[in-house]
Amino acid sequence: MPVNQAQLNIKDQQLSISGKITHDTIPEIQKFLRKNKSISITAIDLPELEFIDSAGVAFLEELTQATFPGAAINNASEKIGQAIKTFSSKGSQLSPIPREPNFFESLGNAIFKARDALVESIYLTSEIVLWSFVGVFNSRGRRKGSVIQQCYLIGSNAVGIIALLSFVLGLILALQSAAQLRQFGASIYVADLIAISMVREMAPMMTAIIIAGRSGSAFAAEISTMKVTEELDALRMMAIDPIRYVIVPKFLAISICMPLLVTLSMILGIFGGLVIGLTYLDLTLVSYLNETINILTAEDLLVGLSKSIIFAWVIVIIGSYFGFKVKGGAEGVGRVTTSAVVASIFAVIFLDALFSLIYMI
Amino acid sequence: MQTPIIQIENLTTRYGEKIVLDQINLDIYPHEVSVILGGSGCGKTTLLKSIIGLVEPDSGTIKLFGELFNKADEQRYTHTLRRIGVLFQNGALLNSISILENVSIPIEQHSRLDKTLIEKIVTVKLQQVNLADSAYLLPSELSGGMRKRAALARAIALDPELLFCDEPSAGLDPLTSENLDKLILTLKEQFNMTIIVVTHELASIHRIADRIIFLDQGKILFMGTLKDAKSCGISEIETFFTTGSF
Ligand SMILES: Nc1ncnc2c1ncn2[C@@H]1O[C@H](COP(=O)(O)OP(=O)(O)O)[C@@H](O)[C@H]1O
Ligand SMILES: [Mg+2]
Numbered sequence: 005m006p007v008n009q010a011q012l013n014i015k016d017q018q019l020s021i022s023g024k025i026t027h028d029t030i031p032e033i034q035k036f037l038r039k040n041k042s043i044s045i046t047a048i049d050l051p052e053l054e055f056i057d058s059a060g061v062a063f064l065e066e067l068t069q070a071t072f073p074g075a076a077i078n079n080a081s082e083k084i085g086q087a088i089k090t091f092s093s094k095g096s097q098l099s100p101i102p103r104e105p106n107f108f109e110s111l112g113n114a115i116f117k118a119r120d121a122l123v124e125s126i127y128l129t130s131e132i133v134l135w136s137f138v139g140v141f142n143s144r145g146r147r148k149g150s151v152i153q154q155c156y157l158i159g160s161n162a163v164g165i166i167a168l169l170s171f172v173l174g175l176i177l178a179l180q181s182a183a184q185l186r187q188f189g190a191s192i193y194v195a196d197l198i199a200i201s202m203v204r205e206m207a208p209m210m211t212a213i214i215i216a217g218r219s220g221s222a223f224a225a226e227i228s229t230m231k232v233t234e235e236l237d238a239l240r241m242m243a244i245d246p247i248r249y250v251i252v253p254k255f256l257a258i259s260i261c262m263p264l265l266v267t268l269s270m271i272l273g274i275f276g277g278l279v280i281g282l283t284y285l286d287l288t289l290v291s292y293l294n295e296t297i298n299i300l301t302a303e304d305l306l307v308g309l310s311k312s313i314i315f316a317w318v319i320v321i322i323g324s325y326f327g328f329k330v331k332g333g334a335e336g337v338g339r340v341t342t343s344a345v346v347a348s349i350f351a352v353i354f355l356d357a358l359f360s361l362i363y364m365i
Numbered sequence: 007m008q009t010p011i012i013q014i015e016n017l018t019t020r021y022g023e024k025i026v027l028d029q030i031n032l033d034i035y036p037h038e039v040s041v042i043l044g045g046s047g048c049g050k051t052t053l054l055k056s057i058i059g060l061v062e063p064d065s066g067t068i069k070l071f072g073e074l075f076n077k078a079d080e081q082r083y084t085h086t087l088r089r090i091g092v093l094f095q096n097g098a099l100l101n102s103i104s105i106l107e108n109v110s111i112p113i114e115q116h117s118r119l120d121k122t123l124i125e126k127i128v129t130v131k132l133q134q135v136n137l138a139d140s141a142y143l144l145p146s147e148l149s150g151g152m153r154k155r156a157a158l159a160r161a162i163a164l165d166p167e168l169l170f171c172d173e174p175s176a177g178l179d180p181l182t183s184e185n186l187d188k189l190i191l192t193l194k195e196q197f198n199m200t201i202i203v204v205t206h207e208l209a210s211i212h213r214i215a216d217r218i219i220f221l222d223q224g225k226i227l228f229m230g231t232l233k234d235a236k237s238c239g240i241s242e243i244e245t246f247f248t249t250g251s252f
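As given, the protein sequences belong to chains A and P, one line each in that order. In terms of this note's numbering, the first sequence has 11 at position 7, counting the first letter as 1, and numbering is strictly consecutive. In terms of this note's numbering, the second sequence has 70 at position 64, counting the first letter as 1, and numbering is strictly consecutive.
If you're looking for bench data, these hints aren't it; they were derived computationally from the structure. Heads up, a few of these hints could be off.
[What the hints assert, rightly or not] Below 30 angstroms or equal to it, Euclidean Cα-Cα: the simulated DSS-like pairs (lysine-lysine) are:
hint, chain 1, residue 1, chain 2, residue 2
1, A, Lys83, P, Lys188
2, P, Lys233, P, Lys55
3, A, Lys94, P, Lys233
4, P, Lys55, P, Lys236
5, P, Lys126, A, Lys83
6, P, Lys55, A, Lys83
7, P, Lys69, P, Lys188
Chain P on its own, in the form it takes in the complex:
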């Protein structure tokens, strides 16, 4: 087996007194789609944000690409950020600029490409999330699902090596959701991306998941392949896979 692209050891994160992540140990391997599962409020978003350094953990270490995420070394930090794409749970598009500009920003920030080329890349990205018709609209002029897709286009603008998606298909119709899954698989195939997805949609999990990480009350209840998950003998997980709910 390859060396893990993300290594988490004894990660504990709390908000005030409340422990949200409790002694998490987790390895994520490259070129796989890992799905993080768990009930609402169990700490999935917090786990993602801890990995990418947006939430300061209380204790424990997190290594990305084999190194500690060190914000002090600015150049290295920027370089690491360039290899990561994040789709936030609420989209987090910049509201004052158009969709086109939102998707262009990471490319302008991290590369020295000229304008026509950037526009060409953005056009393809928007086409892939089916938003080419809305390029010049502002985020506030889109529906929730469209905003999600625009945010995904921004997250993949640089073809990152590591892609984090927090509930990409929440609020999308089944067909669009399926198309996004296809896109995720294409990205994995073509660019050898490592993708970490938080989702609850059984159909989607079956389409994309190589590996399942099941969180419960801040602890990892199960970690392994999809096949193993279905017959792991832990009742919560088996219930989820038969009924689709927690």
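Pulled out of the complex, with its shape left as it was, chain A reads as follows:
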């Protein structure tokens, strides 16, 4: 390609352009015209114009319509004339920009959406529970070994992080309370405090939050990607229920793993407390463990574990709900994944507060 340039000249109110009018040369031409603002142009002369691209055509149109209304185009070669005709924007118009809803419309939409979300998630829950119970006895329409695979992904891979964080949490709780309790010579009650708070509250909640972040997000991402790429539709057309094929294995796996992980978390939390008791408070191993065993009842354990299962279900349901709701492509997947994690952490904490209230009454 020869150099991209336009040669410009103004004479007798006539602008002549030769060379090229392209994406590259238009800014140059605009600059030239700005310099000669005072002259009003009545015609644009193009006898030696070699080349014009579609940006050039749009530019000429703008000149003859807006900048110098009524200016004529003269002496264009046949090919240039043809280009001007072919790439003219005359007769093409974009559809109007869609109107944004106003405040009240958005509010109304949001309310209806919230109602729909509630109804849909109830349906989804019932379907998941139904297929899970069927699935326990009948594994057709489910990939072989998928529950075990999910147990591995949800459970085994989370063991390390949960153990570590629970231990640290036990340490922190014990340290914070030890300083206070020691003043009253009540050091031994650190054991009670750690045992009750870990078993009833901290272990289930913290495990649920970690699992929501690790696995809830993964559920939402997997399901939404499958939806975007039409994999879910393909499953349906093979007479495989997507809920059964994709979600039920996760539901069963998380129902198995969550109580185990929470138990692990309880033990490590208590162990964290024990370390503080032995080092900072000079308690003996036997007295600490005795105190722990005496204070804990079967009810505490039941409360902790039942909560853990409820949280697990909430995480699966919210993850799949957002996964199914995806719109658009890659960006939609990112959005629902974020929403799923935020919503399930919120739900876990909210439910935990609700449980505390119920048990107090």
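Guided by the hints, dock chain P with the ligands onto chain A, whose structure is given.
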């Protein structure tokens, strides 16, 4: 004959162990429409991507516009990219922004034109692919064929000198497909574009092809004009031109 705009010498590309392109030698001449033909999975997309530098070849050299495609020299690389338009096999529109913005992006990126002018250009491009009514929709709100057309509008937004189209008419109805072919020919005439098209549609090939490149198992089985292709004596190719399938 003019000097070739694309020169490929001994190009070999593999994915892992699998050799997809095997010692390809190919010249593409300017102001022509070259059609790449071949069965599914024979390496057409890989060839296109190798030419435009998206797939790193194992060996061999590729020259575009007479120079090696050198990514190290950033300014030159950007300048070369500006002269190339690509329609990807799956459209590859950016999903989070509207069709209008998708088509505007290359113009904004590569030129210093003001907004009204850009919008005017985009309007014409969308009109040419018959999508002026869908300018403000997101890609996910379009049908497959509409997405293809929007992607074509994006590919030609800058009137590139070299246009690559990977199966532009797959998934389009015959009438739309014919209109796209007309558009391709118009672009060739008006802007002296060099166009490389992967397609299987016999009708389309007859309308647009100046030159045929027939790939088979990573090798070039035939290269030449459409007329020669029909009487080249290679049975696969003649079968394709009589039955329309491989
Ligand atoms: N990213 C990749 N990784 C591994 N193999 C690939 C990849 N892309 C393509 N292939 C293989 O290379 C071959 C050629 O693919 P492609 O160029 O897409 O064929 P087509 O002619 O249908 O466009 C196919 O056999 C495909 O399996
Ligand atoms: Mg392909």
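Hints, one by one, checked against the model:
1. A:Lys83 - P:Lys188: holds, 17 angstroms
2. P:Lys233 - P:Lys55: Satisfied, since the Cα-Cα distance of roughly 28 angstroms is no more than 30 angstroms.
3. A:Lys94 - P:Lys233: Given that 30 angstroms is the threshold and the Cα spacing comes to 39 angstroms, the pair is violated.
4. P:Lys55 - P:Lys236: holds, 28 angstroms
5. P:Lys126 - A:Lys83: holds, 21 angstroms
6. P:Lys55 - A:Lys83: Distance of about 33 angstroms is beyond 30 angstroms: violated.
7. P:Lys69 - P:Lys188: Holds. P:Lys69 to P:Lys188 sits at ~29 angstroms (cutoff 30 angstroms).
Hint compliance for this structure: hints 3 and 6 are not met, and every other hint is.
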